Every structure is written in C-alpha cells, then in structure tokens.
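Given only the sequences and the hints, what does the whole structure look like? Please build it.
Chains as they are written, first to last, in the working numbering: chain A, 1 to 641; chain B, 1 to 179.
Simulated from the structure, these hints should not be mistaken for lab results. Heads up, a few of these hints could be off.
BS3-like, lysine-lysine: derived pairs with alpha carbons at most 27 angstroms apart [to be verified]:
| # | chain 1 | residue 1 | chain 2 | residue 2 |
| --- | --- | --- | --- | --- |
| 1 | A | Lys557 | B | Lys71 |
| 2 | A | Lys589 | B | Lys71 |
| 3 | A | Lys557 | A | Lys512 |
| 4 | A | Lys382 | B | Lys71 |
| 5 | A | Lys419 | A | Lys517 |
| 6 | B | Lys127 | B | Lys71 |
| 7 | B | Lys127 | B | Lys146 |
| 8 | A | Lys505 | B | Lys127 |
| 9 | A | Lys505 | A | Lys589 |
| 10 | A | Lys382 | A | Lys337 |
| 11 | B | Lys146 | A | Lys382 |
| 12 | A | Lys517 | B | Lys146 |
| 13 | A | Lys419 | A | Lys512 |
| 14 | A | Lys557 | A | Lys505 |
| 15 | A | Lys382 | A | Lys419 |
| 16 | A | Lys337 | B | Lys127 |
| 17 | A | Lys517 | A | Lys505 |
| 18 | A | Lys69 | B | Lys71 |
| 19 | B | Lys71 | A | Lys512 |
All values reported here derive from a predicted model rather than from experimental measurement.
In case you want the letters, here they are:
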Amino acid sequence: MIAEGGLAALWLAAALSLLQLIMGAVALTPGREEAGAMVRPVAIVQGLLTLLAFAALIAVFVMSDMSVKLVAANSSSMKPLLYKFAGTWGNHEGSMLMWVTILGLAGAAVAIFEHRVSNRMLIATLAAQAAIGLGFFAFLLFSSNPFERLPIPAADGQGLNPLLQDPGLAFHPPTLYLGYVGLSVAFSFAVGALVTREVNAAFARAMRPWVLAAWILLTIGITAGSYWAYYELGWGGWWFWDPVENASLMPWLAATALLHSVTVLATRDSLRAWTVMLAVVAFSMSMVGTFLVRSGILTSVHAFAVDPERGSFILALLALYIGGALALFALRVSTVKEGAQFEAVSREGALVVNNLLLTAILGIVFVGTLYPLFVEALSGEKLSVGPPYFNSAAGPLALLLVALMAAGPLMRWRRDRLKTVLNRMALPILGTAVVLLLVVVFAPPIGVLPTLGLILAVGVGIGSVAPLWGRNLRRTPLFTWGMVVAHLGIAVSLAGMACESAFTKETLVAAKIGETKQVGPFSVRLDDVEPVAGPNWTALEATLTASRNGGTAFVLKPQSRSWPNPPTETSESAISTRWDGQLYTVLGKQDEDGRWQLRLWWKPFVTLIWLGGGMIALGGALSLFGRVRRERRYHDRIAYA
Amino acid sequence: MKGFVLKPSRNLLGEGDRTKCGDRAAGGGNTLRFAPGPSTIPKQGLARILAFALALVATPALADSNLPAAKWANEQLPDPRQEAEARTLMLTLRCIVCQGQSIADSDAELAGDMRAMVRTRIAAGEKPEAIRQWLIERYGQWVSYKPLVEPMTWPLWLAPLVLLGLGAFLARGRFRRHR
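Structure (structure tokens):
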C-alpha cells in the first residue's frame, strides 16, 4: 500500500505542476491576473506531495519490502538500518526521485519565502520551475518508476554495492543534489526575469541568496565527495578528473561565476544579460551532469545506443529546457541593456576577468569531458582525456584566477588606480617572494605547478585577509567576513593540493609478520593479520604499529573486506591524522611466500585540501546569513518608517 | 597465466568487475551516480582484454610475467628516480577493464600487470613516452589519458585559446576606453 500511495502522490504532484504551469502562463496574459492567486499554494502543495512520495520510497526501503522491484534489486534485509535508509538513493530510480523531490521543494521554498520581487515575476518564476518539474516527473513516471511491484515478491534483495555501504552515502548525495537542483531556482528566476522584462538589480538581489545556498551545498558536496573517494578507494588519490567528478565540478564553476556576476548586477546594475546567461548555464550544467551520469553514456557510447530509452529521454529534456531558455534569451536580449561600462582597474573590472577565467575553465572541463564522447559517436575512435590534459589546460588559468583573487577585493568599485592597488598588495607580494625563495633554496625539486601553487597559496592567503586591515572588525559586515573566509579557504585548499603533490612519500611493499617498513618519517611494523567479522561482511585485519622518528607508537588497522551480497572485495584504509598531514595505510593480498602487500603513504598537509573546502562553504554561509539579515533589517526599517 | 583477469567471467562482464576496480563512479566520487547501473563492460571490452593479455604474453619484456604475481605489480623500483618516472607514467595510463581509473590506482589484476610492465620497461631504461607510444600503437588512444596532438584532437587543445579569445572579445565592450 505504501508503494501505491507513493506512486499516487507522484502522479498528483505531476498533475499539480501542470496546473502550476498553466495557471502561471494564464496569469501573465493581461486581464487574467487573478489566475496567479493559485500559483503559490499549488507550488507548496506540489512540493509537499513529492516529499510524501520520497518518504514512501524511504519507508519501503527501511521495511525491506521485497515485493517492490527497486528494493529487491538494490537492498537486502541483512543490511544495517542506516544503509537500508540511505540505499533509497543509492540507485537510479531512487536518486531521480530525490532529484525531483528537491526540485519540488525548491519551488515550494520560493513560493513561501520570496517576497522581494514583483508578483508577476514570482509567478513567471514558479511557472518556469513547474515546467522543469513536469519534464522530470514524466521521466520518472514513464521510464524510471521507483514504485514498480514484482509479480512475485523476492525472497531477499540483491544487496547494495559495498563501496556505497559507508556513512558517506547518507550525506553526500543529498547535499550534492540539493546544490545541483537548487540551481534550478536561479534558472527559473532568469526565465521569469526575461519573460517579465525585469532584469535589474532587484532581480539580482532576490536571486543571490538562492544561488549562494545552492553553491554552499555544492561546495560541501564536492569536498565531502573528494574525501570519501580518498579514503574509500584506497589509493590515496583525491581528485581524478573523472567524467562523473567533472559533472559535479561544472555546475560549481558556473555557480561560482554567477555568484560574482550577480554581485556586480546587485551593486552596480551592470552585466545584466551576462548574469541571466550564467544563471541559465549553471542549471544547464546540472542537467548535463545528470544526463552524463544517468544515461550510461559515460560507460560507453554503445551502451547508450543499445538501451537509449532513459538517455534519450533526459537528452530530449535537456534540449527542450536549454534550447527553450536560450531561445527566450535570444528573443529578449535586445531589450536587456548591459548597464554602465567600467574602468579596467576597478572591482567590476576584476570581477569581469574572474568571470572570463571561470567560464574558460568551465569550457575546458566541458570540452574535455564531452569531446571524447563526441569523437566516439562520430568516428568510433575511443579517446581518453584525463589529468594531463586538464592540468595543463585548466591549471594555469586556475592559478591566474587565484592570483587575481588576491587583488580583486582590494580594488574599489567604479574606479581605482593601479598604483594604489599595488600598494595595498605589497605584503602579499612580499609573502609570495619569500616563499618562492624558500622553495628554491630548501625544497627538493618539485614540479612547476606545485611550486606555483605553493607560493601563490601563501601570497593569496595573506592577500585574502587584506580587506580586513584597518577596518573596525566588529563593524565589518558579515558578508565581507564571508568573502574573506571563502577566499582564504581557496588559498588553504591550494596549499594542501600543492603539498600533497609535491611532498607525498609512497611505500609499496610486501612484508612478513613482524617486519618493519619505512615511509617518510614513519616506521610501520606489521604485527599481525587476523580475521574479523562485521554485520554483513568478513575481513582480514592487519595490526600495524607505527611511530614517527622513534616517538610514541600508535596502532592502525586497515582491512581487506569480503562482502557476500553482492560478492565483492574492498579495502578499508586506516588513516592516522597528524597536525601536519596523514599517514595512510592499506592492506593488500598475501603472496605465495606468505608476505602481505602493504601500501603506505605519508601525505604532508593533505588535510588542508578539505579544510579549505570547508572554509569556502563556511564563507558562503556567513555571506548568506549576512545578506539575509541585512535585508530583513532594511525591510523592518521601511515597515517602521 | 594466473596473473591475468581471465578467471571468472563475472569479473569481466558483470558487476563484479566494477567493484573490483573500486568503482569511483558508483562509490567514492563526487557523483550523481551511486547505483550499480546496467552492466558496464561491453562485449568490446572483453575483446580488448583478450587482445591485451595475448599481446602481453608475446612481449619479450614480460617473458617472466606468467609467474603468479607479476614482480613489479605492487612493489616499487629500487631507484627512486626511476620509480618516480614510472609512477608519473602510470597515473596517466588507463586501466582498460575499469571505469575511469588509472593503472596507478586500481585493484584490478590487469592494472597490476600493466604496472609490472611499466616498471620492467622503465628499469630496462626505456623512456616513458616510448612506453606510452608502444601502448597506444597496440591498444589505441583509449589507454592513454594524455590525448595525442593530431588533427582529431586539435579542438581539444585549441579550446582553451578559443574560449579565452572569445571571452575577451565579448568582455571588451564592457570596459570604458580612455581618451
């Protein structure tokens, strides 16, 4: 019954989104404005119904209802409760339902909280949100029904991929999806503003918190995903330029650019058309990512051609929404004035260069991810585009962007002088020079990119706190603090990346019981390997005793796990975190001589990568909080006046 | 021939292989995809693996690789400079039975064999780019994460310049000219 209830809620929500779209469109024609009264309530109810459908799916997963096809295919009654729960979105249908749920809830949130824009524009925005929702409801109901029953209930399920049986699964996908789909609000706002011809600073101020919120969640999602891959895969890598990773990076890059251009629009009423365009691009990237991952096209263009139903469906939606938005943009762009021009040396000027570089990096990631698919579809030749391409094509631009990041916030709006900007930057530049000297003199030869990364990180780290100098810190607005913390986070993260790639020590060895091996400053002794059992796995667990330069000993217990359902082996790394880095250990197989494979890494300051990511998200949160609070006060003051 | 992955067919054609490789797409990454989707290794994949395995056997450098675990699959070369060279190369070679992993970070046995081959050849004094070339000639560009510079990949390599040029062209109207 629960499954049928969920399906009914889904159909009802789909019907309401159709109603929301029609009523919204009607209300925009002159003389029929009264139809608009329905749009807000319908959007809220639609959001609640999708939430109900999602809750129903969670319920059948938690209760292990093996008569539901999706549960039987992806769950197992033996799993711990957490993974029954999180397993709801550990599969195609469930994750698409989560996608649609967030889309519906985002629409409902706009309907409830948004009071800054004109009623007409709000209605147009909600109608656009409903139009997106409608397509994805159709996708779920016609080609990916999560509530389908089996004719005969299965005895037990086929289980969840063991790599997914990690607490990360409970948090990572929802966070990332909230970010992806949150960008739909920016898209709908852009469409709404184009339809009602209200592309102006007020529109930018209304859109900004939504973009910021989505961007914060994307940042957290990407950071957490990177750490998850790092400890779960057991090879010590933290970013692979994998197409699936790129699918999450592209919306983030677009949202970052949007975040900066929307500030120019809100503050200076300039860059109107460009900001609208970026809002369209940002959510388009979310949909491209969904298409890449959900269509199976990444595995092989041929797999897509053999079973094209889902892929074609998403591709058609993609063409419809992106094409539609771009057509609307082309029709209306002549009525949108770009606003005032500006001096090259000014805050606006720096932000334009920021946007230019971010968009170029986005373009490189986009081309690098999609071009191999394009070539394969056309000629059958299979290309691989990986780290060497992305690092050499996007790396220099990214470093340039980071360098500019130190200068931008030190420039004044409207107009500034190069000389005074350089004066303000004296200390960061000095810091960069000192570190460059230290690296050249003391460090062993490291690559060009890590060297540049390291020296820039220090210079930019100093530069990013420079906007606070000489200010009364208690009266500095919260969103300025947010900017400083986020920019500092970029520098911290960059320092981590540079240290990891320059100074990592690796030891891959076969060790007998009792043997001691060296990795960087640590000596690691293999004491023992013993079998252990968990709730739904068995494992061989090594006991490693490590000490740093003969200091206090500590124990690490990496495992090699075997899972019966589905039959798989995974390695669970054991990581010891120090203040200045991580010791990363993995247990491999036993060879014929009875020796155990060990993989040991000492990764100095690797933790800075994710600490920086967290700071970036924190900066975003401070900024969001500061903006919302300031606006509320402003409104209160108007109300009292 | 125990060193090769030709054991259970499930490993080559079914879900097993994905997890064996540590399927980033399903597991670790910053992913939209969390699910074991439809089976990932197409038939073509099997042909490639067989071709690869046969070619390895035919290679003199790997004459002793029919020992159980290839010697250099999981052990470093004694010379740190050579090992660094090998590692840099391995990070840019694709494990052809996995989904999107380099041979330097894959649990698949085939990746181990490829690592052993790379280390053996580096130790014998071969240049990394020569090894890459050798692999590309046999298995196509798929095996290398570093696209060649040739007419087919020109769009890739020109993209950054074109994008920057286009962006600068679009942005130029925004800046006020000084008289």
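Cross-check of the supplied hints:
| no. | hint | in the structure |
| --- | --- | --- |
| 1 | Lys557/A - Lys71/B | holds, 26 angstroms |
| 2 | Lys589/A - Lys71/B | holds, 14 angstroms |
| 3 | Lys557/A - Lys512/A | holds, 16 angstroms |
| 4 | Lys382/A - Lys71/B | violated, 31 angstroms |
| 5 | Lys419/A - Lys517/A | violated, 56 angstroms |
| 6 | Lys127/B - Lys71/B | holds, 20 angstroms |
| 7 | Lys127/B - Lys146/B | holds, 16 angstroms |
| 8 | Lys505/A - Lys127/B | holds, 23 angstroms |
| 9 | Lys505/A - Lys589/A | holds, 21 angstroms |
| 10 | Lys382/A - Lys337/A | violated, 45 angstroms |
| 11 | Lys146/B - Lys382/A | holds, 13 angstroms |
| 12 | Lys517/A - Lys146/B | violated, 34 angstroms |
| 13 | Lys419/A - Lys512/A | violated, 65 angstroms |
| 14 | Lys557/A - Lys505/A | holds, 20 angstroms |
| 15 | Lys382/A - Lys419/A | violated, 52 angstroms |
| 16 | Lys337/A - Lys127/B | violated, 58 angstroms |
| 17 | Lys517/A - Lys505/A | holds, 13 angstroms |
| 18 | Lys69/A - Lys71/B | violated, 46 angstroms |
| 19 | Lys71/B - Lys512/A | holds, 16 angstroms |
Violated hints, listed in ascending order, are 4, 5, 10, 12, 13, 15, 16, 18; each of the other numbered hints is respected by the structure.
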